[in-house]
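Novice: Chain order of the listed sequences is A and B.
Just so you know, we're using this note's numbering here: the first sequence kicks off at 1 and counts up by one.
Just so you know, we're using this note's numbering here: the second sequence kicks off at 1 and counts up by one.
One should not assume that every hint holds.
[Unchecked claim] Listed next, with one range per pair, are the computed distances between beta-carbon atoms:
#1 A:G275 with B:E165: 38 to 46 Å
#2 B:P39 with A:F300: 25 to 33 Å
#3 A:I155 with B:D266: 42 to 50 Å
#4 B:Q297 with A:E64: 47 to 55 Å
#5 B:P39 with A:R47: 36 to 44 Å
[Said to hold, decoys possible] Some chain B residues near chain A, calculated using beta-carbon distances under 8 Å:
#6 P36
#7 A141
#8 F151
#9 A220
#10 G367
#11 Y369
Quick caveat, the hints were computed from the structure, so don't treat them as lab data.
Glycine included, each C-beta is placed from N, C-alpha and C at the ideal position.
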Amino acid sequence: MIGVLSELSYWQVTSIRVVAGLVAVLLVAGTLVYAHLFKMVSFMQSRLGPMEAGPYGSLQLMAEIGKFLQKEDIVPRRADRFVFKAAPFVVLTSTFLLLVVLPGGPDAWFISNDLGIYLAMAVSSVSVIGILMAGWGSASKYSLLGGLRATGQLIAYELPLLLAVVGVVIQAETMNLQEIVLAQANGEIFGSGVIGNPFIITQFVGFLIFMIAMQAELTQTPFDMPVAESELVTGYMTEYSGLRFLLFFIGEFATAGVFSAIAAVLFLGGWYVPGLDPADNLFNVIGPLVLFGKVVLLTFLVFWVRFTFPRFREDQLQRLAWKFLVPLALANIVVTGVLKVLV
Amino acid sequence: MTVTERQQLSYIAAQAADARVNLEIETEGMTLNIGPQHPATHGTLRIVAKLDGEQVVAAEPVMGYMHRGYEKLAEVRTYPQVTTLINRIDWLGSFANEVPFILAAERLMEVEAPPRAQWIRTILFELSRIANITLFLGDMAVQVGAITPVFFAFRDREHVLNQIEAATGGRFHPNFDRIGGLKDDLPAGWVAETRGAMRKIRAFCDEIEELVEGNEIFQARTRGIGVIPPGVGLSYGLTGANIRASGVDWDVRRDSPCGLVHDQVDWKVWTHPDGDSFARFWVRLQETREATKIVDQLLDGIPSGPIMAKVPVIIKVPAGEAYVETENPLGVMGYYVVSKGDLNPFRVKIRSASFSNVSITPWLLRGVYVPDIITILGSLYFILGDIDR
Numbered sequence: 001m002i003g004v005l006s007e008l009s010y011w012q013v014t015s016i017r018v019v020a021g022l023v024a025v026l027l028v029a030g031t032l033v034y035a036h037l038f039k040m041v042s043f044m045q046s047r048l049g050p051m052e053a054g055p056y057g058s059l060q061l062m063a064e065i066g067k068f069l070q071k072e073d074i075v076p077r078r079a080d081r082f083v084f085k086a087a088p089f090v091v092l093t094s095t096f097l098l099l100v101v102l103p104g105g106p107d108a109w110f111i112s113n114d115l116g117i118y119l120a121m122a123v124s125s126v127s128v129i130g131i132l133m134a135g136w137g138s139a140s141k142y143s144l145l146g147g148l149r150a151t152g153q154l155i156a157y158e159l160p161l162l163l164a165v166v167g168v169v170i171q172a173e174t175m176n177l178q179e180i181v182l183a184q185a186n187g188e189i190f191g192s193g194v195i196g197n198p199f200i201i202t203q204f205v206g207f208l209i210f211m212i213a214m215q216a217e218l219t220q221t222p223f224d225m226p227v228a229e230s231e232l233v234t235g236y237m238t239e240y241s242g243l244r245f246l247l248f249f250i251g252e253f254a255t256a257g258v259f260s261a262i263a264a265v266l267f268l269g270g271w272y273v274p275g276l277d278p279a280d281n282l283f284n285v286i287g288p289l290v291l292f293g294k295v296v297l298l299t300f301l302v303f304w305v306r307f308t309f310p311r312f313r314e315d316q317l318q319r320l321a322w323k324f325l326v327p328l329a330l331a332n333i334v335v336t337g338v339l340k341v342l343v
Numbered sequence: 001m002t003v004t005e006r007q008q009l010s011y012i013a014a015q016a017a018d019a020r021v022n023l024e025i026e027t028e029g030m031t032l033n034i035g036p037q038h039p040a041t042h043g044t045l046r047i048v049a050k051l052d053g054e055q056v057v058a059a060e061p062v063m064g065y066m067h068r069g070y071e072k073l074a075e076v077r078t079y080p081q082v083t084t085l086i087n088r089i090d091w092l093g094s095f096a097n098e099v100p101f102i103l104a105a106e107r108l109m110e111v112e113a114p115p116r117a118q119w120i121r122t123i124l125f126e127l128s129r130i131a132n133i134t135l136f137l138g139d140m141a142v143q144v145g146a147i148t149p150v151f152f153a154f155r156d157r158e159h160v161l162n163q164i165e166a167a168t169g170g171r172f173h174p175n176f177d178r179i180g181g182l183k184d185d186l187p188a189g190w191v192a193e194t195r196g197a198m199r200k201i202r203a204f205c206d207e208i209e210e211l212v213e214g215n216e217i218f219q220a221r222t223r224g225i226g227v228i229p230p231g232v233g234l235s236y237g238l239t240g241a242n243i244r245a246s247g248v249d250w251d252v253r254r255d256s257p258c259g260l261v262h263d264q265v266d267w268k269v270w271t272h273p274d275g276d277s278f279a280r281f282w283v284r285l286q287e288t289r290e291a292t293k294i295v296d297q298l299l300d301g302i303p304s305g306p307i308m309a310k311v312p313v314i315i316k317v318p319a320g321e322a323y324v325e326t327e328n329p330l331g332v333m334g335y336y337v338v339s340k341g342d343l344n345p346f347r348v349k350i351r352s353a354s355f356s357n358v359s360i361t362p363w364l365l366r367g368v369y370v371p372d373i374i375t376i377l378g379s380l381y382f383i384l385g386d387i388d389r
């Protein structure tokens, strides 16, 4: 398989990788993550959740796609039609582009780029534009408030997210996600290389900041003011119906999965499990599964928090970002840098 | 200052604030219609909020989208038929609506329900309070953004509804209270089952205390938000937990009991000095616990005997006037019944708690942020049927 790939030209390889990524990874992983989350959330709320579509409701995602496809695609009369219609795709594009940098094994990657994490952070900001487009284009006051809140919030939380990553980058000495995984696999902690060096141990503060900022970036509770069903009636999504609403909805869950995958790569060692040689060809097969397992673990955390906590207010959120998370992240960078030079 | 003067002043203040905003930063204020269709309004309340950014300059509630004319309809119905209507005023604690009307009619007819009926009435009265407030405890969390507690509230409210259904045959609208007593006696085994339900409600209260009340974000969102000083609250006619949360120690059940047997049991009126949204939540949580205690004690001592006094088959109420108020789940509810000696009441005036509780919103909402509107409305806790009747 790898041999065949190397004979093709760059653009052919890239195309194959991207299509494989979209079809094999997104559909299967999406369905699994979705079923997992649906069931998990249902049990948290003492209900059964989906039970009818497929065994134990595991095909609920398919059923919902079918349902939403049948619905009318309503555009409000005063809406900016093009902006309104394009917005969900912009949001989803950012999610898919994020997926591209994720490594699933020594050779199972889409693109291996020296700017990997930098690219990921850059394209993750694209979703802000989509959300602002949705908020502005809907010609609704609720949507506008939601869109503006989302913009303010995402700008505030890009910074701690990025600063939390810097600690990892300093320690791994690379921005390439594949090499960050290898740095964790081959690393040593306290003079012992048995479990490698998953950065969650040395970068625990960074991990916490990353998870908090990620929660805000995903607009999940307790940072879901842009959506805020009880006050803004789902904010920028208010006017959407049919497939476009579904795209936002899936985008929300998919982005949670993809961000969890990035966190898994950065802090939990990505596709690597201790005890095996990271160059082993076996990892091309089990690597994606290992990564998926770690993603499930992290999405569990994300949704556990989401369905437990109430929502912050906008000003409280900004205060948390600028007065607490950013200084903490900067201190983390300084400490990491000093230790890196000294040790 | 009368209410209309205050409204005029608040309108002038809103205009002035608009003008100032327009001059200073050359922006226009935005008018946001919250409702009539909005998930936070429990029905069809509309709040017209003038916003400066996310800050409220002026807010005014618009009521009447669900006005059903119950006071007028009651005039063309016989006394027993009226209870069917007034069941639907506060639809979460329906039985409690019937009680003050029946008590007023009984006072006019000069009959008194037998002790057993009075005890069971009080038990059902408190059960409907629990059925009402458990939903608030979950719903308040939804207003500030937590989704899960409301599912717990619906789950555990079911235990109480089951007991109400077992006793009366109706989950939502029992229509069980009769002039001179109750429709039926309790079914066998009901007392023990109700005790079990009360245990579950107490466990639910503990759960809510940990999950919602103790949560730092919940406290940050509710403490100091929507503070009602006792004087202002009283002048707007706030009653129930809303005024007790402002430190006013006033509960009709204790201070002017009539027809119900709350004075036979040992219980406590909870107050909170702060008067903010958190205090209102806290007081209601304590009241739910207290209600389970009241029910438990009442279950111990239900007297035996008939459940119906001697009343004629066709009820004609002698001419006269009577006003009876009780401490309903939402606040003080009173019925002013005027009779001319006919089969129908000549006039029924309903004093419902939510109407007064909502009328404070223009005063309360000025200067708060949009998310706080929802928190404050949630903590005032109104039922639309109780506002519009």
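Novice: Regarding A:I155 and B:D266, is the given constraint of 42 to 50 Å on their beta-carbon distance met?
Specialist: violated (58 Å)
Novice: Per the hint of 47 to 55 Å, is the separation of the Cβ atoms of B:Q297 and A:E64 within bounds?
Specialist: Since the Cβ atoms of B:Q297 and A:E64 sit about 50 Å apart, the hinted range of 47 to 55 Å holds.
Novice: Should the interface hint for B:A220 be scored as holding, given a Cβ-Cβ cut-off of 8 Å against chain A?
Specialist: holds (6 Å)
Novice: Just to be sure I understand the hint, the distance between the Cβ atoms of B:P39 and A:F300 should be within 25 to 33 Å; is that true here?
Specialist: Because 28 Å falls inside the window, the suggested range holds.
Novice: Taking 8 Å as the limit, does the beta-carbon of B:Y369 come near enough to a beta-carbon in chain A?
Specialist: The hint holds - B:Y369 has a Cβ within 8 Å of chain A, the shortest such distance being about 6 Å.
Novice: May I ask you to test the interface hint for B:A141 with respect to chain A, counting a Cβ-Cβ separation under 8 Å as satisfied?
Specialist: holds (6 Å)
Novice: Does the Cβ pair B:P39, A:R47 satisfy 36 to 44 Å?
Specialist: Taking Cβ atoms as reference, B:P39 and A:R47 lie about 19 Å apart, which means the hint is violated.
Novice: With 8 Å as the cut and Cβ atoms as the points, is B:G367 at the interface with chain A?
Specialist: Since chain A brings no Cβ nearer than about 13 Å to B:G367, farther than 8 Å, the hint is violated.
Novice: Would the stated hint for B:P36 survive a check requiring a Cβ distance to chain A of less than 8 Å?
Specialist: violated (13 Å)
Novice: Would you settle whether the hint for B:F151 is holds or violated, based on the nearest Cβ-Cβ distance to chain A being less than 8 Å?
Specialist: holds (4 Å)
Novice: CB of A:G275 to CB of B:E165, is that within 38 to 46 Å?
Specialist: 59 Å Cβ-Cβ, so the 38 to 46 Å window is violated.
Figure legend: structure checked against the earlier numbered hints; hints not met, in rising order: 1, 3, 5, 6, 10.
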